[in-house]
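All chains, full assembly: derive it from the sequences and hints.
2 protein chains.
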Amino acid sequence: MASSHSNYINSPCAACKFLRRRCTSGCVFAPYFPPDEPTKFANVHRIFGASNVSKILHEVAPHQREDTVNSLAYEAEARLNDPVYGCVGAISVLQRQVLKLQRELEETNADLRRYARALGGETTSNYGGQRG
Amino acid sequence: MASSHSNYINSPCAACKFLRRRCTSGCVFAPYFPPDEPTKFANVHRIFGASNVSKILHEVAPHQREDTVNSLAYEAEARLNDPVYGCVGAISVLQRQVLKLQRELEETNADLRRYARALGGETTSNYGGQRG
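Those sequence lines, one after another, are chains H and R. Residue 1 is where the first sequence starts when you use the UniProt record's numbering, and the numbers rise one by one after that. Residue 1 is where the second sequence starts when you use the UniProt record's numbering, and the numbers rise one by one after that.
Hints should not be assumed to be uniformly reliable.
Copies of the same chain are indistinguishable here, so a pair counts whether it falls within one copy or spans any two.
Below, in silico cross-link-like pairs of lysine-lysine (DSS-like), each with a Cα-Cα straight-line distance of 27 Å or less [unchecked claim]:
hint : residue 1 : residue 2
1    : K55       : K40
2    : K40       : K17
3    : K100      : K17
4    : K55       : K17
5    : K40       : K100
6    : K100      : K55
The hints are simulated quantities; they were obtained by calculation from the structure and are not laboratory data.
So this is what it looks like as structure tokens:
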């Protein structure tokens with residue numbers, strides 16, 4: 001993604017286009033907001049604001065900026081889709097899924113221990129323990 | 001939380017105090033940013049900006065505003081703790097945990113099926129199937 005700026009060296013990046021300003025060679029947005037992805041910047045601008053995004057990008061190391069922009073874009077899209085919970089909604093769903101799977105695994109392990117007892121002691125060293 | 005404004009009716013809310021403005025009775029922030037929780041507003045202001053938070057609050061129904069503020073506060077705190085991934089980091093961790101648990105459950109169910117076969121056909125109707 002960081003190399004995509006060179007593909008559009010004559011076009012302003014999506015951020016500068018959106019903000020109607022000149023895109024200079026040192027533009028902090030340009031490597032991560034190519035002009036062919038206008039929605040990506042529009043979304044992060046709408047949720048975080050351009051100056052907050054710029055501030056965050058200047059706070060992180062250059063090699064971490066692509067991941068930073070992608071996680072901000074993910075958060076912004078989630079908030080636009082769900083203004084109440086944003087991506088915290090996905091965290092709740094995943095937390096419930098983890099709890100459900102943990103319960104299921106415990107029950108299955110309990111079944112396994114019952115089977116191990118039914119089959120006799122010689123196999124219990126292979127089966128019936130909680131998986132690590 | 002929504003009732004806490006009445007406890008501090010003579011103090012400006014944390015948002016108005018932070019923004020150094022008069023807190024009026026119709027303040028959209030006041031019910032969700034009581035003056036005794038100054039960090040909550042400072043965090044969402046730093047990540048989203050006060051005007052974006054106000055815009056989001058006006059977009060959602062009044063009964064959803066408390067959840068909205070709490071999810072914004074959670075996201076803002078996560079971003080301040082981890083400027084690169086924010087709460088998307090938690091989503092990645094949870095997604096990996098779900099995949100690990102699903103694999104573990106599949107393996108345990110496969111063990112269970114082996115046990116059921118070893119114990120003979122009459123018990124396979126009770127054990128050895130994937131849990132629903």
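Fill in: Violations among the numbered hints, reported as their numbers in ascending order
3, 5, 6
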